[in-house]
Amino acid sequence: MGELVLSKLDKVYRSKRTSVHAVKSFDLTVKPGEIVALLGSSGCGKTSTLRMIAGFEEVTSGSISLDGRVIHTLSPSQRGVAMAFEAYSLYPPLTIGENIAFALKAARLPAAQQQILVKNIAEMLEIAGILNRYPSSVSGGQQQRASLGRALVRKASLYLLDEPMGQLEPQLRAVLRGRIKHFLRENNCTTILVTHDQTEANALADRIAVMEGGVLQQYATPAELKARPANLFTGAFIGEPPMNIFDAKITAAAREIRFDIEGGVSLAYPVSDFSPDVQRLIAGRREVALGIRPHAFHIGNGALRGKVISCQWLGDQTHVAVDIGGRTVVSVSHARVDKQPGNEIGLSALAADLHIFDAETGRAVAHGGSPA
Amino acid sequence: MDHTSTFERILRGILLALVVLFFMFPIFWILLMSFQTNESILRMPPSVFFTPTFDNYIALVTGEMRTAAGSLQLNFMQNLWNSVLLSTTSVAVALVLGVPAAYAFARFKFRLGEDIAFTLLSFRFAPPLLVLLPLSLYFKSLGLTNTYIGLIWVYQLICLPLILWIVRGYFEDLSPDIEHAHRIAGYSWFQTFRKIAVPLALPGIAAAGLLAFIFSWNNFVFALVLASADKQPVTVGALAFVTASGIQYGQIAAAIVMSVIPTFVLAMFAQRYLVEGLSLGAVKG
Ligand SMILES: Nc1ncnc2c1ncn2[C@@H]1O[C@H](COP(=O)(O)OP(=O)(O)OP(=O)(O)O)[C@@H](O)[C@H]1O
Ligand SMILES: [Mg+2]
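Chains as they are written, first to last, in the working numbering: chain A, 1 to 372; chain B, 1001 to 1285.
By construction, these hints were calculated from the structure, which means they are not laboratory data. In this text, a Cβ means the ideal position worked out from N, Cα and C, and glycines have one as well.
Below, simulated DSSO-like cross-link-like pairs (lysine-lysine); rule was C-alpha separation at most 27 Å, straight line:
no.	chain 1	residue 1	chain 2	residue 2
1	A	8	A	226
2	A	119	B	1195
3	B	1109	A	16
4	B	1109	A	24
5	A	8	B	1109
6	B	1195	A	105
7	A	155	B	1195
Pulled a few chain A residues facing chain B out of the computed Cβ check, cut under 7 Å:
no.	residue
8	54
9	56
10	76
11	77
12	83
13	85
14	87
15	89
16	91
17	102
18	103
19	106
Covered by chain A, per the in silico footprint, the following chain B stretches (three or more residues, Cβ under 8 Å):
no.	region
20	1170 to 1182
21	1185 to 1191
Please take these sequences and the hints and turn them into a complete structure.
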């Protein structure tokens, strides 16, 4: 229900011997009712960001505002933020049900209403059967859902969910994903969700913020993130299996543009495959990083020739790893491919599926024939 | 669960009995002594058979000690009361001051925090005699000599560091996120401290309080120097049993039994509580 604005947020953990710059000049705006996923490798500063928003860590510099109210100077109890913790953090002497209810108690809701709310949330999260048990006597996944329930049950301007489903099996996760999305939408909850699961981020989030080394790399819709990664990091980070990245030398001739890849192979395209803008952007460059997603490869007799290392049919797609010029390239086909290790094979990709990055800065230059 | 053979169980029983006997023997012997006259205690060879008498206890309670050389006044009941008063109040004061301080040291990093905590700990390894002489001079000029307040104040040297360091450890072991979850639900810092942190650290607080009580109870030298007979605890009062006409072993034994009872009761109570607190446990994650 609230709009969250983080601006120039910095977090430095200082101790006697070291100082860790966990979050660097982080800007993010979450619109009212929007669900944003925070995606990034372990230790990149996701939890630190949430903790600053919730008020458990001081902001080193920068500001946080929610609903137009500057909140980073307020105490956690005044911020109107609900949070599900990475480590659950249930209160041991209370039952699961009491744990979920204790924020409602603080809000002085009538007991009957508390019970209804707790029951509804518990049913949604499939923990209705354990409301009378104590945290130490239920499983990790159940504790995690209780912790999620404790956050969702109350009215807040902002919901922070730190890896809320990390402990659950994929089937249950898929079911809950749908219900939680429905719940968040229904109640128009502004939400930041931390996750390591890209499927979860894609399914739940309106926008995804990709973070690395404390720096926001890109903030975009799931589709855009995949189609137009802003830099090498997001290119390689988003997508399963990850994008193949080649160091390539560009030769732009009158009629064709050629990418010479280490190992003596090359990809050539007619100039007309690239828009004039891209041609201009490429013209001055000699070296680029070329990104091609595994799904974009056509497996057959393409120009990227090499020996098959492994070929696995996963039931709905084939993963083929190919040794091209001494490095392993992964390609995925939705058809069944029957190749033996050692077989000679050729990969090709359309110009529309190329991602061209600056070799030095890693910034995107062009995606699929149009400028980044 | 019980796969042990009868033989093993019997053996274990015997061994346990031996260990208990070994450790409890002095106390058992003292208990026997407290029901005997000095003559029967000192007879050779010693024997566990005697005609029990309550004279020792009667002497302690009435405050009149009859010895071969005549009758002496005893302050024992007053001393016992002093011990109870001094120890209980000292521990209570130390808990009120120490628990919030321990919380602060565990949760907040502030300038000189570690140094202050360490200074407080260092009170524990400074020999009391080192501070006693200057302290007695100060106490004279402050008018604190031979007052309960003065003694309770000095007893903080014993209680406060104990409570601070033990309870701090317990607070540090609690996940701060449990408190965070409570705070974010709309509770203030103090409510969270009272409703979450203190209850979760209660086993630790009980243990620290019990230890502090025992240390205060057993303290001898502070009260010996800083107070006179009417304010002194049993530890010092027991000196009165060493009389001109000999040492009153029977009465010493009775005094020991009576002065052990409060600590013993407290320990029994706190122990049950400690176990309860620990079995709630699982303060992990
Ligand atoms: N209290 C702290 N004191 C010092 N350094 C810290 C502290 N908390 C986190 N860090 C450091 O800050 C960086 C970011 O940590 P953070 O917990 O935000 O990562 P994260 O993105 O949530 O990782 P994960 O996905 O593993 O949960 C890490 O390098 C971590 O070591
Ligand atoms: Mg984290």
